[in-house]
Amino acid sequence: IYFSPLGEPVYNPCGKYMIRFHLNGVWRKVIIDDTLPIDHSNRLLCSSTTNKNEIWVSLLEKAYMKVMGGYDFPGSNSTVDLHALTGWIPELVSLHQPDSTFDKDKEFDRMFERFHAGHVLITVATPNLSKEEEDRSGLVSSHAYALLDMRKIGAHKLIMLKNPWSHLEWKGNFSDFDTRNWTPELVKALNYDPKLQVDVDNGVFWIDYNSLCHHFENFYLNWSPSLFSHTSCIHNSWPARQGPVKDLYNLGDNPQYVLRAQPKIKSTIWILLTRHITERQDFAVNRVFITLFVYKNGGNKVYYPNEIKPLQDSVKTNS
Numbered sequence: 001i002y003f004s005p006l007g008e009p010v011y012n013p014c015g016k017y018m019i020r021f022h023l024n025g026v027w028r029k030v031i032i033d034d035t036l037p038i039d040h041s042n043r044l045l046c047s048s049t050t051n052k053n054e055i056w057v058s059l060l061e062k063a064y065m066k067v068m069g070g071y072d073f074p075g076s077n078s079t080v081d082l083h084a085l086t087g088w089i090p091e092l093v094s095l096h097q098p099d100s101t102f103d104k105d106k107e108f109d110r111m112f113e114r115f116h117a118g119h120v121l122i123t124v125a126t127p128n129l130s131k132e133e134e135d136r137s138g139l140v141s142s143h144a145y146a147l148l149d150m151r152k153i154g155a156h157k158l159i160m161l162k163n164p165w166s167h168l169e170w171k172g173n174f175s176d177f178d179t180r181n182w183t184p185e186l187v188k189a190l191n192y193d194p195k196l197q198v199d200v201d202n203g204v205f206w207i208d209y210n211s212l213c214h215h216f217e218n219f220y221l222n223w224s225p226s227l228f229s230h231t232s233c234i235h236n237s238w239p240a241r242q243g244p245v246k247d248l249y250n251l252g253d254n255p256q257y258v259l260r261a262q263p264k265i266k267s268t269i270w271i272l273l274t275r276h277i278t279e280r281q282d283f284a285v286n287r288v289f290i291t292l293f294v295y296k297n298g299g300n301k302v303y304y305p306n307e308i309k310p311l312q313d314s315v316k317t318n319s
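Position one of the sequence shown corresponds to residue 1 (the working numbering), numbered consecutively onward.
Keep in mind that the hints were calculated from the coordinates and are not lab data. Predicted, not measured: the structure shown is a model, and the values here were computed from it. Mixed in with the good hints, there may be bad ones.
In silico lysine-lysine, DSS-like type, Cα no more than 30 Å apart, as pairs [claimed, not checked]:
#, residue 1, residue 2
1, 131, 162
2, 157, 131
3, 296, 264
4, 106, 152
5, 106, 316
6, 106, 157
7, 301, 106
8, 66, 16
9, 52, 195
10, 152, 52
11, 162, 152
12, 266, 106
Quick list of simulated restraints, FRET-style, between CB atoms [to be verified]:
#, residue 1, residue 2, range
13, 303, 165, 49 to 55 Å
14, 191, 135, 26 to 32 Å
15, 131, 312, 37 to 43 Å
16, 200, 135, 16 to 22 Å
17, 52, 266, 48 to 54 Å
18, 141, 10, 27 to 33 Å
19, 57, 214, 29 to 35 Å
20, 311, 128, 32 to 38 Å
21, 230, 200, 43 to 49 Å
22, 36, 76, 16 to 22 Å
23, 141, 291, 24 to 30 Å
24, 210, 24, 15 to 21 Å
25, 44, 75, 17 to 23 Å
Cβ coordinates follow ideal geometry from the N, Cα and C atoms, glycine included.
All chains, please: the whole structure from these sequences, using the hints.
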């Protein structure tokens, strides 16, 4: 956030601020003022913190909503939003897809190591829940939660989550209401006493990993670009008249690139496909789904979908 003459964001009595986002492949500054929506009782009708002296959350949201067309923004997912806020590389891990290769234990170990190394930001999202399921679990339907901590204590894998609304909490295993699973050893190891928290509704709670995998739908991961020693960014256009609806029959007009990698040691290559936002309908009523295929065929152009089996494919998305 700018106005920051001393290198730190400060209150600007003139009301002008510039917010930096990673949008359409580059860092951009969005200029706003500090006028915020309120109701007839002067209560904010936008995101805010519990500290009444802080306005940075409200300013960030206003700038992002300006880019997205206004406060009636239909919504996104947390990995897309964090990519815009931080530039960290998004990854979606689905927990319940029929053809999913999700390995629960392997995924926990991967996230645990990288989270504590400061390499990844993690959020988790619930599926569409009925009112009865919401009341029973304490979770909000189609909602993202921030992951604040991960612990391995004996045989237990525990995760601390926060509802960004700062209220409404999980009611199952290892919640503040759970009198069966908490032990004195766990209370001491986590420095968290559920008996003292049961009357505090701040949206923060512990949940065991098995319950999380059962009740939630997706992990959203954002990875630090510093993990990658080499990067390259290419901008291109794909006219609507050429696709992607026509690529069921012909891939000849699809953007295609040749990547030649000759690493001296075993290496990992990540490819991120993002779509530029130029107007509101790009996301508000977007019914065009795109995806990315990787072929190992000597760098030759691919013309037909069944011409060669992809080495790697991905899920089609409109976000």
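Hints the structure fails to honour:
Hints 7, 10, 18, 24 contradicted; others consistent.
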